[in-house]
Amino acid sequence: MSTFDYTVLDRAIEEFGNAESSLISILQSAQEHYRYLPREVFPYLAEKLNISEAKIYGVATFYENFSLEQKGKYVIKVCDGTACHVRHSVPILEALRKELGLSEQKKTTDDLMFTVETVACLGACSSAPAITLNNEIYPTMTPEMAVALVKSLKENG
Amino acid sequence: MSEYMIIDGIKVQIEGEKNVLELARKAGIEIPAFCYDPDLSIYGACRMCMFEDERGRLDASCSCKPRDGMVIKTNTPKLRKYRKMILELLLANHCRDCTICHMSGKCKLQEFAYKFNIEGVRFPNNACALSPDSSSNCIIREPGKCILCGKCVRICNEIQSVGAIDYAFRGSKMKIATAFDGDIANSPCVGCGQCAAVCPTGAITIRDDADQVWKAIGNPDIEVSVQVAPAVRVGLGTEFGFAEGENVMGKLVTALREMGFDKVYDTNIGADLTIMEESNELVQRVKNGGKLPMFTSCCPAWIRFAEDKYPDLLDNISTCKSPMQMLASTIKATYTGEKKHIHVAIMPCSAKKDEARREKFGGAVDYVLSTQEVVRMIREHGIHFKYLEESFPDSPFKEYTGASVIFGATGGVMEAALRTAVETLTGKNLDCVEFKEVRGMEGVKEAEYDVNGLKVKVAAVSGLKNAAMVCDKVRAGECDYQFIEIMSCPGGCVNGAGQPFVDAFKRSDMDYKGMRAKGLYDTDAGMSNRKSHLNESINALYDNFFGKVGSHKAHELLHTSYEPKKK
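As they're listed, the protein sequences go chains A and B.
My numbering numbers the first residue of the first sequence as 1 and each following residue consecutively.
My numbering numbers the first residue of the second sequence as 1 and each following residue consecutively.
Hints may contain errors.
Quick list of simulated restraints, FRET-style, between CB atoms [as the list claims (entries may be wrong)]:
id: 1; chain 1: A; residue 1: 121; chain 2: B; residue 2: 509; range: 47 to 53 Å
id: 2; chain 1: A; residue 1: 87; chain 2: B; residue 2: 54; range: 49 to 55 Å
id: 3; chain 1: B; residue 1: 175; chain 2: A; residue 2: 120; range: 22 to 28 Å
id: 4; chain 1: B; residue 1: 85; chain 2: A; residue 2: 20; range: 34 to 40 Å
id: 5; chain 1: A; residue 1: 39; chain 2: B; residue 2: 175; range: 15 to 21 Å
id: 6; chain 1: B; residue 1: 525; chain 2: A; residue 2: 6; range: 56 to 62 Å
id: 7; chain 1: B; residue 1: 125; chain 2: A; residue 2: 145; range: 45 to 51 Å
id: 8; chain 1: B; residue 1: 73; chain 2: A; residue 2: 6; range: 53 to 59 Å
id: 9; chain 1: B; residue 1: 175; chain 2: A; residue 2: 121; range: 25 to 31 Å
id: 10; chain 1: B; residue 1: 473; chain 2: A; residue 2: 25; range: 45 to 51 Å
id: 11; chain 1: B; residue 1: 10; chain 2: A; residue 2: 64; range: 45 to 51 Å
id: 12; chain 1: B; residue 1: 81; chain 2: A; residue 2: 87; range: 41 to 47 Å
id: 13; chain 1: A; residue 1: 5; chain 2: B; residue 2: 565; range: 51 to 57 Å
Quick caveat, the hints were computed from the structure, so don't treat them as lab data.
We put the CB at the ideal spot given by N, CA and C, even for glycine.
Assemble the whole structure, with the sequences as input and the hints as a guide.
This is the structure:
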């Protein structure tokens, strides 16, 4: 715990202030930096913002966007909104999971390289079926294109 | 111009009521509610308290302010249908093992299911499969019985500022949880049990240790002694048909003997001992420039709170053990019998169960029973409590003073200590022993006394949020008190979580805390000896056993130390 670097949190507190209402913004900064919310974040923010850890845990578990589990270096979000769904997003998801040995429960590979999850809508319906890789949109995908993308990432580390 | 509302055809004047629900209650109309509690913030989650207006629109009466000219109904076919549906859905997610639930007969869900004539639940039920959290020495959490009314969360945060639990997850997965959904024993929980005191179902209850005590009583090779705390005697009576606050100690002593306890002692003696040591400690700190202000140390939940949140103030807390521990240590140290000796303490408190297990106390108290547990034991034994003869506790710890009785109410420890400290400091006889400024149910009471030209400023605080506020001031050097009494439960031990359950509406309808406290103050007023240092039993104990106040032996048996919570 002593080795944890709190500068990301300190910077976020400086930017948003230490009021209770800043919590979500600060958590978002942490999530953006670590791609999840490490445990060390909770007691630290509890003290700095003067709110209980249980409350922060409540906020972190309420919003789907926050993750308490470590995510991979590459986070792939497969859109399963209506437009993407009818244009066959599910086979893309299945192909990615098969390629990486993942499932609905197991979302991240053991080597912490890849995370595959679904989202309700990316707002990129004109490009359906779409996926994002670390927040960058990849439009009109096919299962083959998705697998090829993952393979190229694996090769390049 | 007066403002009115029409509720169920009754014209009701609005006189500053904070919501429609309270206004309806004034008119004698009881609107059902699970999540509403007059002492807590409005949550509006259970939707049982809905009303219907003239246009058929619905709103929650707990979160709706009364407005002039509003015409509403609290009981319509639509509302009845909704309420029954809410109940059916709650029951579908509720572990309905009422026959083996501690709250049976007092549970709001059970009461409403009966009142609203729920005859069946059409949904499958898996609630009993959720495993309880029995990690705490003080409380048991059974998530399968939780109806998510959130009273526990609100009292833990708003009144106690402990923040051990909160709402977690979302929608159908929502639950009350500690951080990371861990065991409550590993959370900041201080064991005050106020969550259990407000829980309308059996989702949070006080741990029950009666079985082990029955076993000890039933073993002829074990001598079982018991002590009874001040607040218990004014809390227990209501369960047996006595008025709230009536002192039933005499009957309780008889009942305990009938149940098989070998010796019955009064925690009041421990309280008198505490005053001797604590007032001496205060006088020494004042005279010798010791750390001030000095905080009282009787309340175990407060000690846990300070060890967790105010480790820098631990040197300000009196080193005196609590009355329970002082008496237990003395009883164990002076026991000369040959049998194995087990000592039980009857307390109005859940946190005392944890205190008894503190390593430093060496197990002087083997078991702590709450008032609730003793009520059940008396019933189990088939005792007609109301018709019992009264009797006195056992020697040699028989004589107590009025000062010790009032320990059960907020301000009581302070007043008792002042009676002795002021006489010690002035060397003069104190004629008026009542320090009325520190009486009453307010959360923070302050007073200043002139003792021989020395200004003594004191505060009596109850409720941990109030305690935190005062601690913050002390930390910032913003207050000049010499002596601060802290009790975790609002109103003091009379309102401890181990006391008989009081329904939320009953709590707002009558000042039950004040009535229990009055029971203690009346007992004090009726006593000839109201100062701890004039207690003959205590003085004999010092002469024959401890030596003098603050002696080495007294320090060994009657004092302790505190440690910051490991994180």
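Tell me the numbers of any earlier hints that the structure contravenes, in ascending order. Hints 10, 13 are the ones this structure does not satisfy, whereas the remaining hints hold.
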